[in-house]
Structure formats: structure tokens, C-alpha cells
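Trainee: Protein chains in written order, with our numbering: chain P, 61 to 421; chain W, 61 to 421.
Worth flagging that the hints you see were computed from the coordinates, not collected in a lab.
Where a beta carbon is used, it is the ideal one built from N, C-alpha and C, also for glycine.
The reader is advised that the hints may include incorrect statements.
Said to hold, decoys possible - With a straight-line cut-off of 35 angstroms between C-alpha atoms, the simulated DSBU-like cross-links for lysine-lysine are:
| no. | chain 1 | residue 1 | chain 2 | residue 2 |
| --- | --- | --- | --- | --- |
| 1 | P | K277 | W | K365 |
| 2 | P | K286 | W | K277 |
| 3 | P | K357 | W | K277 |
| 4 | W | K176 | P | K357 |
Said to hold, decoys possible - If you want the ones that stay clear, here's a sample from chain P, every Cβ over 12 angstroms from chain W, calculated:
| no. | residue |
| --- | --- |
| 5 | E90 |
| 6 | P96 |
| 7 | K131 |
| 8 | K138 |
| 9 | P139 |
| 10 | E156 |
| 11 | H190 |
| 12 | S224 |
| 13 | G306 |
| 14 | I347 |
| 15 | E389 |
| 16 | G397 |
| 17 | G409 |
| 18 | T412 |
Number of protein chains: 2
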Amino acid sequence: MILDRFKVPEKDQVLVQEAALRRTVAQIFEKLGVTPEDAADGADVLTMADLRGVETHGVSNMLRQYVRDYKAGKLSPKPGWSIVRQSPGTAVIDAERRLGVIVGPKAMRLAVEKAKQVGVGVVTVFNSGHFGAIGHYAMQAAEQDMVGVCFTGAGLSVVPTFASKPLLGTNPIALAAPARHEAPMLFDAATSAIAGNKIRLAIRLGSPLLPSWVTDKDGTPIMEEKPVFDRDDFFQAPLGGTREQGSHKGYGFALMAEVLSTVLSGAVPTMLVQGSGSKNHFAAYDIEAFTDLEHFKDTMDQMLKTLRTAPPAPGHDRVLYPGLSEAEELAKRRAKGVPLHKEVIEWFGQCTRELGVAPLV
Amino acid sequence: MILDRFKVPEKDQVLVQEAALRRTVAQIFEKLGVTPEDAADGADVLTMADLRGVETHGVSNMLRQYVRDYKAGKLSPKPGWSIVRQSPGTAVIDAERRLGVIVGPKAMRLAVEKAKQVGVGVVTVFNSGHFGAIGHYAMQAAEQDMVGVCFTGAGLSVVPTFASKPLLGTNPIALAAPARHEAPMLFDAATSAIAGNKIRLAIRLGSPLLPSWVTDKDGTPIMEEKPVFDRDDFFQAPLGGTREQGSHKGYGFALMAEVLSTVLSGAVPTMLVQGSGSKNHFAAYDIEAFTDLEHFKDTMDQMLKTLRTAPPAPGHDRVLYPGLSEAEELAKRRAKGVPLHKEVIEWFGQCTRELGVAPLV
Numbered sequence: 061m062i063l064d065r066f067k068v069p070e071k072d073q074v075l076v077q078e079a080a081l082r083r084t085v086a087q088i089f090e091k092l093g094v095t096p097e098d099a100a101d102g103a104d105v106l107t108m109a110d111l112r113g114v115e116t117h118g119v120s121n122m123l124r125q126y127v128r129d130y131k132a133g134k135l136s137p138k139p140g141w142s143i144v145r146q147s148p149g150t151a152v153i154d155a156e157r158r159l160g161v162i163v164g165p166k167a168m169r170l171a172v173e174k175a176k177q178v179g180v181g182v183v184t185v186f187n188s189g190h191f192g193a194i195g196h197y198a199m200q201a202a203e204q205d206m207v208g209v210c211f212t213g214a215g216l217s218v219v220p221t222f223a224s225k226p227l228l229g230t231n232p233i234a235l236a237a238p239a240r241h242e243a244p245m246l247f248d249a250a251t252s253a254i255a256g257n258k259i260r261l262a263i264r265l266g267s268p269l270l271p272s273w274v275t276d277k278d279g280t281p282i283m284e285e286k287p288v289f290d291r292d293d294f295f296q297a298p299l300g301g302t303r304e305q306g307s308h309k310g311y312g313f314a315l316m317a318e319v320l321s322t323v324l325s326g327a328v329p330t331m332l333v334q335g336s337g338s339k340n341h342f343a344a345y346d347i348e349a350f351t352d353l354e355h356f357k358d359t360m361d362q363m364l365k366t367l368r369t370a371p372p373a374p375g376h377d378r379v380l381y382p383g384l385s386e387a388e389e390l391a392k393r394r395a396k397g398v399p400l401h402k403e404v405i406e407w408f409g410q411c412t413r414e415l416g417v418a419p420l421v
Numbered sequence: 061m062i063l064d065r066f067k068v069p070e071k072d073q074v075l076v077q078e079a080a081l082r083r084t085v086a087q088i089f090e091k092l093g094v095t096p097e098d099a100a101d102g103a104d105v106l107t108m109a110d111l112r113g114v115e116t117h118g119v120s121n122m123l124r125q126y127v128r129d130y131k132a133g134k135l136s137p138k139p140g141w142s143i144v145r146q147s148p149g150t151a152v153i154d155a156e157r158r159l160g161v162i163v164g165p166k167a168m169r170l171a172v173e174k175a176k177q178v179g180v181g182v183v184t185v186f187n188s189g190h191f192g193a194i195g196h197y198a199m200q201a202a203e204q205d206m207v208g209v210c211f212t213g214a215g216l217s218v219v220p221t222f223a224s225k226p227l228l229g230t231n232p233i234a235l236a237a238p239a240r241h242e243a244p245m246l247f248d249a250a251t252s253a254i255a256g257n258k259i260r261l262a263i264r265l266g267s268p269l270l271p272s273w274v275t276d277k278d279g280t281p282i283m284e285e286k287p288v289f290d291r292d293d294f295f296q297a298p299l300g301g302t303r304e305q306g307s308h309k310g311y312g313f314a315l316m317a318e319v320l321s322t323v324l325s326g327a328v329p330t331m332l333v334q335g336s337g338s339k340n341h342f343a344a345y346d347i348e349a350f351t352d353l354e355h356f357k358d359t360m361d362q363m364l365k366t367l368r369t370a371p372p373a374p375g376h377d378r379v380l381y382p383g384l385s386e387a388e389e390l391a392k393r394r395a396k397g398v399p400l401h402k403e404v405i406e407w408f409g410q411c412t413r414e415l416g417v418a419p420l421v
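All chains should be modelled from the sequences, with the hints used to inform the complete structure.
Mentor: This is the structure in C-alpha cells:
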């Protein structure tokens, strides 16, 4: 559910078909040394983000950074990974500088395997590159009739309540659960007032930021709406914005993600070692270990339908649940194509030429 | 970390010692038919909430309701419980109308046992009474060198973003993790803008509610600060308050708690069946299954100390982390006593007289 101010203006849109996007992204990964299997996984994560309308985490914002990091040797394209420790229900993975969107699908597959054995599986990953939209991994579990949960600890952009400098990342939390006729529940939210990538998007689109989304360089929440030109002019606020509006809860959720991903994988938070990469927590709960799958899906359907059909407050058209607009966008974009900004298309043109890949459009 | 406006005014305080409070609360439970062992567990949960300064969930707000519900036969005092389904890492418990503060400690003990076997343990509980401050159960796991996590689905007071009526409870989420010299991390937050019990407390103390904490009876967030006299005059807003400030995230966290506690225990959310009781999710992660315990504690210490000693923003004295003020209150109140409102002391006098229990003070 993205605010209108963050959508690509229609005049700047170029529609790209799913198959073309997947193919080109996978070919770019392969040219950078990634195996075809891993490249397909990575292309799936990015393409699905764009198909679900989560363009902040799709090809537009992220792919060019990944390409830069592979070229600079910051990311390793080699296959496999290193299991540092494991038990029947858990595993800890050293990603050895592999890209998160390539390690993530494998990590959730391992969590699902463990959940099949003992009811619940938890896999933590450290020392990796960016994970994209982590809701995607939660959805992997939902597609296997499990509840999927993810936490990420990464970055240094969010100012804890009452502090004067950023000590935490936007540390997102995601959950997905299957339903029957309703779209699956898919919740994926940064624990900051807004996602970090939304600021980049706002700068590109010339949209102003709203009150208490960000703080001054001394940590004081900015309470007026103003346009942004330079990301370095401010820090991000936790969800809630101010203490009175609950920023200590957003801060707490960020720290919760940090403990479950970073500290529980034996890694150190970015506040202690900068550039220590992204850390993630992948959990799968086997629904059948808890209750009858069909009963679970029926209850999800009734709950989600009750939310979807609830009478809206004055001035609003309808009530959404997490995952509903994503499912609607998915259907629409699979039929019509993904609207990319013409500037992104230009980047693709340049990138594919440089790497010797067939053009996207 | 409670706002000043919610503290008991000094002139109305009566200081009560920990041992006296534990003893009287346990004796009240026993008089209501609860076994001594269960009564001690329940008294521990309530007394620890008051000792940690979480008076919204201590004896003041909750105990009288529990006593009423036992007397009315809404709560069952009988020992034991019913395990509906289990696997090596998971269990589902039908609490059969037992009180949450009595079932909760046993549920987390079972989760810890399972985590010792397979690395992670998850226990869901349905059909129970109120669980009090769920951070307490997370702390049980932390005291066993595990990370403890809890989710609750209960009640019908929070309006989903864009909706016109409440469909979710305040559905809190909690995490506790051990450190070495620093106080353990203890995060426990309602996913609503403020906890439900804070409204009761605000009414008793005559404090106004702040903008976007609550909505009109048509679901529109109230944006001015105003005093409250009647809980029925408004509904609660999700964390974030308005869509622009991220209420869809607070709403999503509430639904996350609902799925992990209610739907994953095979129960139905309160929005579908009113009076269906409280549902909870208890998770324990065995730190040694993931990484070296000593390394984990060192990292927690470094992280929490970095937060605690971070330079504060202008106008603020210091930066807190979740659990710090609770640990400070615990030390202070263990030494000096718990400050209860004189009106609460009066209730204790009446309750102990009626039940034939020795007076609290």
C-alpha cells in the first residue's frame, strides 16, 4: 500500500512485461558471475517486488546498487554458503558477502525444511548484501502452507527516541500467511516512520516528506512538511515519529529485529561495526503442527474478508489488509506490465550494453 | 518507560513492600480456588509488573477484574491444562478458561523445554483469561539464557487504518534478551498508539489524551489533545495514529500478533467471535543453538551501552533502551516499595475482608 506521492507519474512510465524483466535481471546477474540458479532466485525476488507494487524494493532502486557492488568486489557471486551452527529447528549461515536476494530464498527454504521436521524452523544469516523486500521470503513459506516471518537488521539511518544520531537501520519486519479465497496476508514494514528507499524515491519524484518522518541533524523530529533534495540533510525517525506518538515502540521494534537477526546470528550491529552487512532472521511455522490447515485457511479468509468489507471511515473508499493491494497490483501488472520510470529504462539500456546482455525493451 | 502523566501522584501514593504484595495477591488467588503453586505464579506476574513500573498491568488495574471474573465463574481456578497438539518444537494449549497470568508462566516453561531440545520452541495458547504484561514471560526465557518473544491477540478496541469501527485488540508484542552487565533488553508494547490500560489510568488520574491516540466513533483520528471521561466515547488508533504517520504499520503489527497467537492456535479472532478470550504465542530461542552465549551477552552489552550512553537530542537528559527504566524501577521499588494509589489500597482492604485474607497494609 504505497502513498500516491511515491508512484511513478504516468507521463514518465514505461511498461515492461514480467518475463522480460525476469530474463534481463537474471542475465545481468549471470554476467556478474552468479550461477544461473542463483541468478533466477535473485531475479525472482526483485521482479516480484515490482509486480507487487513495492517499487521501493524492486529493480528501480536496488539493481544498480547491486551491479556497482558486484563490480567493486563488495559482493561475491560464488554459489553455496557456510553453515556456522545448526540444530533440528535452527541454523546460522555466514553468507560470506553474497547478495541477500540470492541467499534469502535458500535460507527460507532451509527454515521450511526444518519446520517440516520439528514444527518450526529458524534460520539466521549474517555477512550478506541487501535482502530486498523481505516480505517475499515470508511469502515463500506461505506458499508451502506455513506462516513465514522475517526480521532484518541493517544500516544506520534511524535515530533512537531521545538520541541525537542514527544508531539503527530501518530494520523491517514481515509476516505472510495463506488464506483460501482471499489474497494471502503479506505484511512487510520498515520499523522507521518511512522506508529508507522511499526517501530516494521522494527525491527522484520531487515529493515532500510529511511531519515527523525524519529528524534534524541533532535528532529533533521535523514537524513541518517539506521537500527533500539531499538525503544527508536529516536522519530517519522510528515508527511513531515522536515519543508522545509512540516512537519508543518503533525504536523497540527496530531493536527486536536487531536482536533476532544480528545478535542471534552471532554478528554485531552496524552501530558497533559499520559496513558489517545485512543480517536476517527467517522463521517458518508449519501450520499443521499447530492446527488443521483447512481450518487455519478458513479462519484467515473470514478474518481478512471481515477487514476488507468493513465500513470505511468518512473520506475513505475501503479498508485494506496487508497484502491486498499487493495481490491486486500483482494481477494488474502481470497482465499489463510493470511501470518503470523512463530514467530506470535508460539505466537498463546502459547496463545491458555494458555487460553485453540483450536489451530489456 | 511510562509518561509522567500516567504516574500515580505522590500525594495519593501508599508504598507497599514486594513480599507483602506477593503474599496478599497469592492468598487472594488461593481463596478463589487456585492451587498454591498456580497462585504463586499469578502473583509473580502481577507483582513483577508493579515492581518494573508497568503499573498499567499490575495489581491496580487488573486484579479486581480477575477477582470479579473468578467470582462470576468466567475464569476456572482448576490446575493443569489441555495440550491439543504438539511436535518436537511446538505445542498448542487449550487453557479452558484459566487465567492468563497463571497459564502464561507454564506456557513459557514448555517453550523453553522445547527450545532446549530443538533450538527453538513455540507454544500457542487459546481460550484463556488476561495475560497481564507479556514482557514478563519473555523475561522468563531471558533468565534461562534464551531470547523470549510473545505475541497476544485479545480484545476489540483498535480501529484498522481507514475503518470506522474497532476490529482488533491492542495486541501487544514483547521480546526479552539477556545481557551481561547491562540490564536485560525488555521490550513490551501494545501495537495500538497507547495501551488500553493507559486509558483507564488516564481517566483515574484525570490526564488528557494526546493527538491521534484515539479515534471518533466513526473511526476518524482525533487530532487535538483532550481529557477523557468515558472510555466509550472513542476507539483506539493503531501505533502511528494516522495513515500518513504509519498507522497501517501499527495495524499490520496487530494483525501479525493475531495470526501468530489466535489463528496459529486454531482459535478465532475476537472480531469474529466476541468473548473468545485471550490468545497468546510464546517463543523461546536457545541462544547456544545459534551462537556462543558469552559472545551473545557481550554483543548485547556493547549494543545496549552504546544506546544508553548515546548523546541525547536537545531537551532530553538521556537515551533509554527497552528494559532500562524497568530495571531501574525494579531496584528502586524492591528497596522502597511499590507506590499504589490510595484508592487501590482501599480496594485491597475491601477484597481481603470479603475473602477472609490478612490485610495487605
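Trainee: For every hint, state whether the structure bears it out.
Mentor: Comparing the hints with the structure gives:
| no. | hint | verdict |
| --- | --- | --- |
| 1 | P/K277 <-> W/K365 | holds, 22 angstroms |
| 2 | P/K286 <-> W/K277 | holds, 32 angstroms |
| 3 | P/K357 <-> W/K277 | holds, 32 angstroms |
| 4 | W/K176 <-> P/K357 | holds, 31 angstroms |
| 5 | E90 | holds, 34 angstroms |
| 6 | P96 | holds, 32 angstroms |
| 7 | K131 | holds, 32 angstroms |
| 8 | K138 | holds, 24 angstroms |
| 9 | P139 | holds, 24 angstroms |
| 10 | E156 | holds, 17 angstroms |
| 11 | H190 | holds, 21 angstroms |
| 12 | S224 | violated, 5 angstroms |
| 13 | G306 | violated, 5 angstroms |
| 14 | I347 | violated, 7 angstroms |
| 15 | E389 | holds, 16 angstroms |
| 16 | G397 | holds, 27 angstroms |
| 17 | G409 | holds, 36 angstroms |
| 18 | T412 | holds, 36 angstroms |
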